[in-house]
Amino acid sequence: MSKGFGAMLPGEDGRPRLPGSLHLNRRLSQWLAIHADGRVTIKPGKVELGQGILTALSQIAAEELDVSLSRIQVQTAATPDSPDEAVTSGSLSVQHSGSALRHACADARRIFLSVVSQRTGVPVDSIRIVDGSFFGPQGEIGSYWSLADAELLETEASPDAQPKLPSARRLTGTSVPRLDLPDKVFGAARYVHDLRLPGMLHARMVRPPARRATLTALREGPLPGDARAVRDGNFLAALASTEWDAEAAAARLAARAEWQAEDSLPEQSVLAAWLREAASRGKHSVVQERSNPAPAAARTIKRSFTRPYLAHASIGPSCAVARWQGETVEVWTHSQGPYNLRADIAKTLRCAPERIIVRHMEGAGCYGHNGADDVALEAVLIARAVPGTPVRLLWSRAEELGWSPFSSAMLVDVEADLDAQGNLIGWRSHIISNGHSSRPGRGKDPTLLAASMLADPFPVHPSINPPMAAGGGAPRNAVPLYRIPALHVATTRLLEMPIRTSALRGLGATLNVWSIESVMDELAAMAGADPLDYRLRHLDDPRAADVLHKVAAMAGWRNRTKQEGRGMGLGFARYKNTGAYAAVIAEIEAAERIFCRRLWIAGDVGEVVNPDGVMNQFEGGAIHGTSVALLEQVRFDRRTVTSDHWEAYPILRFSEVPQVQVELITRPEVPFLGAGEATMGPAIAAIAAAIHDALGVRPRALPFTPENIAAAMDAEA
Amino acid sequence: MVAFTLNGDPVAVDVPDDATLLQALRGPLGLSGPRFGCGTEQCGSCMVLLDGKPAYACTLAAAAVAGRQVVTVEGLGTPESPHPLQSAFLAEQAGQCGYCLSGILISAAALLAANPDPDEAAIRRALDPHLCRCGSHNRIIRAVRRAARQMQGQGRAA
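Protein sequences, first through last, are from chains A and B. For the first sequence, the numbering used here gives the first residue as 1229, with consecutive numbering after it. For the second sequence, the numbering used here gives the first residue as 4, with consecutive numbering after it.
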């Protein structure tokens, strides 16, 4: 198993099992440091993407150590000292990093307590910790801070450490305010975009006019100011002391560059047909099958669903700063995986990874593998031309929307069997898609954009899918959680990749959850059952039933009344079938196009570290899903992506955003589950169902635009 | 040399004619609040107040603000003396990645200066030039309403 996924799924390596990422990063000093001046530094390998993870991790550490939250500082991830937690992705940060920090801090507490006990003779059980100070029956007997120099954390974590019982927790489970937000409302320098190093130069890329293009000539000519060109094969950039000169130089270089360009992209108007045709040359695999005894099918329905390529559409274009010093290079990046990025930069430079230092800084919101890693390599390549001088590379809006990896276009065919009583007894589905990961650090060749553009280029391999044990890629959530005796779920991964694809929030779940829920609604109608009741009668998991009951109560589902031009619909999923539960009810208005007016969301993430943080993620994911449902599709011609500005790739604006109500079912006794991706699929499914409620047609293609809804009406007619 | 008033203080900056106000603010003037998002007036990340009105700094020539008043998010308030909007955004936890917030705070300040008691529709209209990808919109709307209530209570102008 490759390195990145390996960190998610530590194998049985014979060592005592430690929680989360602690298993592979076992020294306590990798995770925390205690300082004589009364501060604690925690060192997670997971990074802040806007999701609020650093606040949740700080809460967990403060809780286990029994110190106030204000004593906790977070050291942002950097190679080589941070624990290698692979990629901050998959809604796994509290599981991986939170579990590790909870255990590491509990172990640190145990060690400090035992040392104080030995030195004072006060039994451990008689020592109380109050904000980092230790009290025996006679008063204060020490503190973390007084023992800070004792190197007590230079040891491997013990599997015997006992984190607090849920009943003893006081800080986790509360909505402490986000630690990063004050900087963000006062405009403080916090993002990698804001990094200013002495003597820093500015760079801009010059992109080819097509995905398949060769730079055949670059005409000579003057450039503004001190600007210069940096070129390596098809890789072309402008470098200057100021941003305006770099931008003007890039424009001049673009005008002077001669490219031999070719068609290499499919015809967008027949994308579904292209997917089927390319699948004939793809890699077929069975995701899951079972064949328990079932009555004969009384009815079978066959349905197909498609979705277009989707863009990350981050508000801030990707940015990085790089500086060479002799044989080493330092790069500041908003990558999700510092070690994985380091590995691919090293492969590209054909050097040892130790020569590269990767330092994380925040970027604009990240919803998966966007251009962050690509721009980091590009900054490194440009900075190589000016040793000792830092170079800041900022992508344009057109690059961010046009050259970042995209989430793959997809198609799924579903067949579902009903028995005579209307029960779901058989399910067969087949998903066609490119892979959903071309993240760096996992293959023998680098996956970064520039690596394939150099004079000595690396091959571009088709993207892959994470294994199902890690949630899968294209088939993520393709196996219904519903009770179905006979089931066969298969997928075909395309082995050609005209448009570079990788991970975006939810991966294949955005299509799979919607397709399952749409078919369930149809089956419910055929069985004469309410969509809620029909789901409940096919669910064995009480936590699933609980969120459905809760969302129904929140939205008044049972008493809903039909209103002209309005509709309500229900969607449900357990993310990856192992993660958070989310049930969503949508209310839509069908006017000149579809508007989603309200969303009700009930969720269950097990133990909740920060309720407001989870609700923020649930709401944000559902609004993202609403935008995907109603507006989003990458557009392209035969040569390049054309939806490279906000008018061509619209996302939901303030005037269209639904009102959202979120409620959580908290379960302090059970493990925490990530929240970031749980609601997107169910929100899309709920909106599709609400469209059917309003218009009597079931959408078959995302986004649910008037054109796609009209096509579904024509197909049903 | 372009001279103007930035967050209440006189400044003069030497930039070429084709430099944008955003480049001047983030470059020689050393600010980080106004942000580059698109460069084409489509996302609102760069919004500043120009003589009290919201203006896109990403397309405005720096030379065009000579003699005028420019206010960025840094000029609205500080951690020690926050604008009611900044306090309200913290109270409502109105943000995730935060990249869009500088511009949104600017447009919200202009709205409240012109309309001290905006309803939800007016807030949505005023913020429609701004993109937020994280989905913090509803929290942001609540924060603007909270700030409006507080400012009315205090009788403070934006």
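What the hints contain is simulated information worked out from the structure, not anything from laboratory work. All C-beta atoms, glycine included, are put in the ideal place defined by N, C-alpha and C. There's no promise every hint is true.
[Stated by the list, open to error] Distance windows between CB atoms, simulated: (1) B/54 with A/1377: 53 to 59 Å; (2) A/1774 with B/12: 31 to 37 Å; (3) B/43 with A/1944: 29 to 35 Å.
[Stated by the list, open to error] Chain B regions said to be covered by chain A (calculated; three or more residues, Cβ under 8 Å): (4) 53-63; (5) 71-85.
Do the hints match the structure? See the list:
1. Taking 53 to 59 Å as the suggested C-beta distance range, the pair residue 54 of chain B and residue 1377 of chain A conforms, at roughly 58 Å.
2. Between residue 1774 of chain A and residue 12 of chain B the C-beta distance comes to about 57 Å, which lies outside the given range of 31 to 37 Å.
3. In this structure, residue 43 of chain B and residue 1944 of chain A break the distance hint of 29 to 35 Å, their C-beta atoms being roughly 40 Å apart.
4. Note: the segment 53-63 of chain B has 0 residues with beta-carbon separation from chain A under 8 Å; the three-residue rule is not met and the coverage is violated.
5. Under a criterion of three residues with beta carbons nearer than 8 Å to beta carbons of chain A, the stated coverage of the segment 71-85 of chain B is upheld, 7 such residues being counted.
In summary, the numbered hints that this structure violates are 2, 3, 4.
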